[in-house]
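What follows is the residue order along each chain.
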Amino acid sequence: MLRGTIARFSSTVNEDDMAFYSTSEFKGGLKIMLDGDPYNIVENEFVKPGKGQAFNRVRVRNLKTGRTVEKTFKSGDTVEAADVHDTDMQYLYNDGEEWHFMDPASFEQMTADANAVGDAAKWIKEEDICRVTLWNGVPLSVDAPNFVVLAITETDPGLKGDTSGGGGKPAILETGAVVRVPLFVQSGELVKVDTRTGEYVSRAKEA
Amino acid sequence: MPARDDWSACAAPPVLSARAEMLARIRAFFAAAGVMEVETPILSHAGATDPALASLDVAATPVEAGAPPDRRLYLQTSPEFPMKRLLASGSGPIYQICKVFRGGERGRRHHPEFTLLEWYRPGWDDGRLMDEVADLVRAALQRPTLPMERVRYRDLFREVLDLDPFTAPVQTLREAAITAGIHDADRLDLERDAWLDLLLTQCLEPRLGRSAMSFLCDYPPSQAALARIRPAGTSPDDQAVAERFELYIEGVELANGFHELTDAAEQGARFAHDCAERRRLGLAEIPPDGLLLAALEAGMPASSGVALGLDRLLMIAVGATHIDQVLAFPIERA
Chain D
1 MLRGTIARFS
11 STVNEDDMAF
21 YSTSEFKGGL
31 KIMLDGDPYN
41 IVENEFVKPG
51 KGQAFNRVRV
61 RNLKTGRTVE
71 KTFKSGDTVE
81 AADVHDTDMQ
91 YLYNDGEEWH
101 FMDPASFEQM
111 TADANAVGDA
121 AKWIKEEDIC
131 RVTLWNGVPL
141 SVDAPNFVVL
151 AITETDPGLK
161 GDTSGGGGKP
171 AILETGAVVR
181 VPLFVQSGEL
191 VKVDTRTGEY
201 VSRAKEA
Chain S
1 MPARDDWSAC
11 AAPPVLSARA
21 EMLARIRAFF
31 AAAGVMEVET
41 PILSHAGATD
51 PALASLDVAA
61 TPVEAGAPPD
71 RRLYLQTSPE
81 FPMKRLLASG
91 SGPIYQICKV
101 FRGGERGRRH
111 HPEFTLLEWY
121 RPGWDDGRLM
131 DEVADLVRAA
141 LQRPTLPMER
151 VRYRDLFREV
161 LDLDPFTAPV
171 QTLREAAITA
181 GIHDADRLDL
191 ERDAWLDLLL
201 TQCLEPRLGR
211 SAMSFLCDYP
221 PSQAALARIR
231 PAGTSPDDQA
241 VAERFELYIE
251 GVELANGFHE
261 LTDAAEQGAR
271 FAHDCAERRR
281 LGLAEIPPDG
291 LLLAALEAGM
301 PASSGVALGL
311 DRLLMIAVGA
321 THIDQVLAFP
331 IERA
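Residue numbers (the working numbering), protein chains in the order written: chain D, 1 to 207; chain S, 1 to 334.
It is possible that some hints are incorrect.
Said to hold, decoys possible - Listed next, the in silico DMTMM-like pairs over lysine to aspartate or glutamate satisfying Cα-Cα at most 25 Å (straight line):
1) S:Lys-99 <-> D:Glu-45
2) D:Lys-27 <-> S:Glu-175
3) D:Lys-125 <-> D:Glu-108
4) D:Lys-64 <-> D:Asp-103
5) D:Lys-71 <-> D:Asp-37
6) D:Lys-51 <-> S:Asp-6
7) S:Lys-99 <-> S:Asp-57
8) D:Lys-64 <-> S:Glu-332
9) D:Lys-74 <-> S:Glu-332
10) D:Lys-125 <-> D:Asp-77
11) D:Lys-64 <-> D:Glu-43
12) D:Lys-74 <-> S:Glu-277
13) D:Lys-125 <-> D:Glu-97
14) D:Lys-205 <-> D:Glu-189
15) D:Lys-205 <-> D:Glu-127
16) D:Lys-205 <-> D:Glu-126
17) D:Lys-74 <-> S:Asp-274
18) D:Lys-51 <-> S:Glu-105
19) D:Lys-74 <-> S:Asp-263
20) D:Lys-122 <-> D:Glu-206
21) D:Lys-51 <-> S:Asp-324
22) D:Lys-169 <-> S:Asp-186
23) D:Lys-74 <-> D:Glu-45
24) D:Lys-51 <-> S:Glu-21
25) D:Lys-71 <-> S:Glu-175
26) D:Lys-71 <-> S:Asp-57
27) D:Lys-74 <-> S:Glu-39
28) D:Lys-64 <-> D:Asp-194
29) D:Lys-51 <-> S:Asp-263
30) D:Lys-51 <-> S:Asp-5
31) D:Lys-74 <-> S:Glu-191
32) D:Lys-64 <-> D:Glu-97
33) D:Lys-71 <-> S:Asp-193
34) D:Lys-64 <-> D:Asp-35
Said to hold, decoys possible - Where chain S lies over chain D, by a calculated footprint (3+ residues, C-beta under 8 Å):
35) 64 to 75
36) 185 to 196
To be clear, the hints were calculated from the coordinates, so they are not data collected in a lab.
All C-beta atoms in this analysis are idealised placements derived from N, C-alpha and C, irrespective of residue type, glycine included.
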């Protein structure tokens with residue numbers, strides 16, 4: 001429902017015709033503009049004395065910096081809506097400076113810089129479908145798929161024992177990321193990794 | 001629209017029965033006290049003029065035979081006006097348990113439709129009514145030894161914030177809010193009473209009702225709402241105050257009471273002031289209740305009255321942290 005609302009706004013927003021939210025529409029996940037930056041509402045608390053002025057005490061996360069701050073609004077005030085929405089895009093290639101993505105439905109292509117791609121750069125490889133957050137139509141951040149399957153390019157040969165418990169060993173993956181893998185996993189093998197924690201999940205047969 | 005799997009009740013079965021039992025205890029309390037239960041209309045031709053309240057309306061629905069289709073009826077924000085008309089009609093002491101509606105109010109302790117217990121005591125002042133509110137809460141919560149205290153609005157601000165809420169200029173209030181670490185206090189654009197409300201809700205309310213029922217009383221005249229003003233005394237410390245009180249338990253505001261304004265001319269002036277404020281703030285115009293003014297002109301007995309939020313009282317009774325935990329179906333599932 002939320003995404004539908006924002007999509008409707010984004011289709012009508014231009015510099016002369018901005019969309020606004022009233023504090024009564026505030027809820028977790030709403031995207032608003034504050035001091036020129038897009039923010040995501042993390043938590044909204046409505047406070048009101050028995051009679052008199054109500055306030056919204058709001059925790060918001062800056063979508064550019066990731067920092068969370070608290071804000072106090074007088075209830076009834078309006079805030080500019082941020083034209084921010086998520087879309088699934090296919091990662092095409094990196095040209096050395098920027099990452100190129102394509103909308104699989106419209107074939108429209110976009111580029112994201114290192115700032116937007118952030119940690120996802122460690123995990124994604126060509127043809128992966130990524131969640132791209134767009135701000136005014138430009139990639140603001142990129143989330144790698146929750147799980148990726150990648151080949152190990154380099155790891156010490158397992159010495160002895162064949163247990164998946166214990167300390168494991170570092171392995172360099174084809175994207176350059178380093179994860180800890182069990183001793184029995186060898187170079188050239190495929191492994192499944194949880195990109196949210198950066199942890200090895202299992203060996204994999206194929207991507 | 002609610003999703004299909006939102007059909008089931010939010011409140012757990014023990015909470016539903018706690019509500020039923022609490023309502024039964026409240027009705028028994030008033031039966032023993034000789035206060036009559038009444039019902040008044042939920043829909044009215046008049047709404048609440050208070051700029052801080054958003055009356056919900058039922059528009060374009062010809063609910064009355066022959067009425068033009070654009071006739072607006074308002075859902076009550078409290079049963080105060082018709083209950084005062086009953087007092088003026090000679091009802092004697094009365095209480096009501098009813099649903100009230102306030103637009104735009106949603107949060108951990110707010111729901112746009114909630115259950116209010118409101119009662120009136122002809123011939124009583126606000127001090128005597130505070131004592132009865134304490135007794136009612138003890139009975140409803142089954143905590144017969146719960147102590148009560150009275151805290152004067154002015155004393156609370158002086159003790160905690162070291163400022164006089166009756167006289168401090170806006171800049172002093174802003175600085176107190178900044179010192180207290182209220183976010184954006186340096187740039188919020190608020191009027192004087194709103195600064196007091198901000199300091200009260202952010203800094204002072206959490207201290208109230210921690211070991212007792214706290215009755216915050218003797219409000220600034222600018223926050224009288226529908227309370228009488230007690231004129232200033234002879235000592236410089238004895239300023240005019242609004243005879244209004246609020247009950248807090250565990251930092252939660254539960255009830256608002258007044259030594260009621262019964263002067264029709266003064267009531268008319270407050271309506272006019274509210275309407276002017278609404279226009280200035282660009283809020284919806286709300287027709288004031290002319291029938292209340294007529295009742296006051298005819299003569300309403302001097303009375304004290306109080307409205308107590310039963311959903312919040314139930315939250316305290318069952319230890320709920322969110323109002324949805326005590327509602328069968330919150331608005332998102334309604």
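Hints versus structure:
1. Restraint check for Lys-99 (chain S) and Glu-45 (chain D): the C-alpha separation of about 23 Å stays at or below 25 Å, so the hint holds.
2. Proposed proximity of Lys-27 (chain D) and Glu-175 (chain S) is contradicted: the alpha carbons are some 29 Å apart, above 25 Å.
3. In summary, the hint linking Lys-125 (chain D) to Glu-108 (chain D) is supported, as the alpha carbons are separated by about 19 Å, within the 25 Å threshold.
4. Among the hinted pairs, Lys-64 (chain D) with Asp-103 (chain D) is consistent with the structure: their alpha-carbon atoms are about 22 Å apart, no more than 25 Å.
5. With a C-alpha separation of about 14 Å, the suggested pair Lys-71 (chain D) and Asp-37 (chain D) falls inside the 25 Å cut-off, and the hint holds.
6. Of the pairs offered as hints, the one joining Lys-51 (chain D) and Asp-6 (chain S) is violated, with about 32 Å between alpha carbons and a cut-off of 25 Å exceeded.
7. Note on Lys-99 (chain S) and Asp-57 (chain S): the hinted pairing holds, with a Cα-Cα distance of about 15 Å set against a maximum of 25 Å.
8. Restraint check for Lys-64 (chain D) and Glu-332 (chain S): the C-alpha separation of about 32 Å exceeds 25 Å, so the hint is violated.
9. Taking the CA atoms of Lys-74 (chain D) and Glu-332 (chain S), the gap is near 24 Å; set against the 25 Å cutoff, the hint holds.
10. Simply put, Lys-125 (chain D) and Asp-77 (chain D) have alpha-carbon atoms about 45 Å apart, too far for the 25 Å limit, and the pair is violated.
11. The hinted pair formed by Lys-64 (chain D) and Glu-43 (chain D) meets the criterion: a straight-line CA distance of about 18 Å does not exceed 25 Å.
12. A distance of roughly 16 Å separates the Cα atoms of Lys-74 (chain D) and Glu-277 (chain S); the hinted pair therefore holds under the 25 Å criterion.
13. The suggested pairing of Lys-125 (chain D) with Glu-97 (chain D) holds, with an alpha-carbon distance near 15 Å, which does not exceed 25 Å.
14. Of the pairs offered as hints, the one joining Lys-205 (chain D) and Glu-189 (chain D) holds, with about 8 Å between alpha carbons and a cut-off of 25 Å not exceeded.
15. Proposed proximity of Lys-205 (chain D) and Glu-127 (chain D) is supported: the alpha carbons are some 18 Å apart, at most 25 Å.
16. In summary, the hint linking Lys-205 (chain D) to Glu-126 (chain D) is supported, as the alpha carbons are separated by about 18 Å, within the 25 Å threshold.
17. Between Lys-74 (chain D) and Asp-274 (chain S) the alpha-carbon distance is near 19 Å, which keeps this suggested pair within the 25 Å criterion.
18. A hinted pair counts as satisfied when its Cα atoms are at most 25 Å apart, and Lys-51 (chain D) with Glu-105 (chain S) qualifies at roughly 12 Å.
19. Restraint check: the Cα-Cα separation between Lys-74 (chain D) and Asp-263 (chain S) comes to about 33 Å, which exceeds 25 Å; the hinted pair is violated.
20. For the suggested pair Lys-122 (chain D) and Glu-206 (chain D), the alpha carbons sit about 19 Å apart, so the restraint of at most 25 Å is met.
21. Taking the CA atoms of Lys-51 (chain D) and Asp-324 (chain S), the gap is near 22 Å; set against the 25 Å cutoff, the hint holds.
22. The hinted pair formed by Lys-169 (chain D) and Asp-186 (chain S) fails the criterion: a straight-line CA distance of about 53 Å is larger than 25 Å.
23. With a C-alpha separation of about 12 Å, the suggested pairing of Lys-74 (chain D) with Glu-45 (chain D) holds against the 25 Å cut-off.
24. Between the alpha carbons of Lys-51 (chain D) and Glu-21 (chain S) the distance comes to roughly 29 Å, so the proposed pair goes past 25 Å and is violated.
25. Distance check on the hinted pair: Lys-71 (chain D) and Glu-175 (chain S) sit about 17 Å apart at the alpha-carbon level, within 25 Å; holds.
26. With a CA separation close to 31 Å, the supplied pair Lys-71 (chain D) and Asp-57 (chain S) exceeds the 25 Å bound.
27. A threshold of 25 Å between alpha carbons decides the hint, and for Lys-74 (chain D) with Glu-39 (chain S) the separation of about 35 Å lies outside it, so the pair is violated.
28. The straight-line distance between the Cα atoms of Lys-64 (chain D) and Asp-194 (chain D) is roughly 24 Å, inside the 25 Å bound, and the hint therefore holds.
29. Under the criterion of a C-alpha separation no larger than 25 Å, the hint pairing Lys-51 (chain D) with Asp-263 (chain S) is consistent with the structure, at around 21 Å.
30. With a CA separation close to 36 Å, the supplied pair Lys-51 (chain D) and Asp-5 (chain S) exceeds the 25 Å bound.
31. Between the alpha carbons of Lys-74 (chain D) and Glu-191 (chain S) the distance comes to roughly 11 Å, so the proposed pair stays at or under 25 Å and holds.
32. Between Lys-64 (chain D) and Glu-97 (chain D), the direct Cα distance comes to roughly 19 Å. Compliance with the 25 Å bound is thereby established for this hinted pair.
33. A distance of roughly 20 Å separates the Cα atoms of Lys-71 (chain D) and Asp-193 (chain S); the hinted pair therefore holds under the 25 Å criterion.
34. A threshold of 25 Å between alpha carbons decides the hint, and for Lys-64 (chain D) with Asp-35 (chain D) the separation of about 12 Å falls inside it, so the pair holds.
35. Given a C-beta distance limit of less than 8 Å, the hint that chain S covers the segment 64 to 75 of chain D holds, as 7 residues qualify and 3 suffice.
36. Check result for the segment 185 to 196 of chain D against chain S: violated, 0 residues qualifying (beta carbon to beta carbon below 8 Å, three or more required).
The structure fails hints 2, 6, 8, 10, 19, 22, 24, 26, 27, 30, 36 (numbered hints given earlier, in ascending order).
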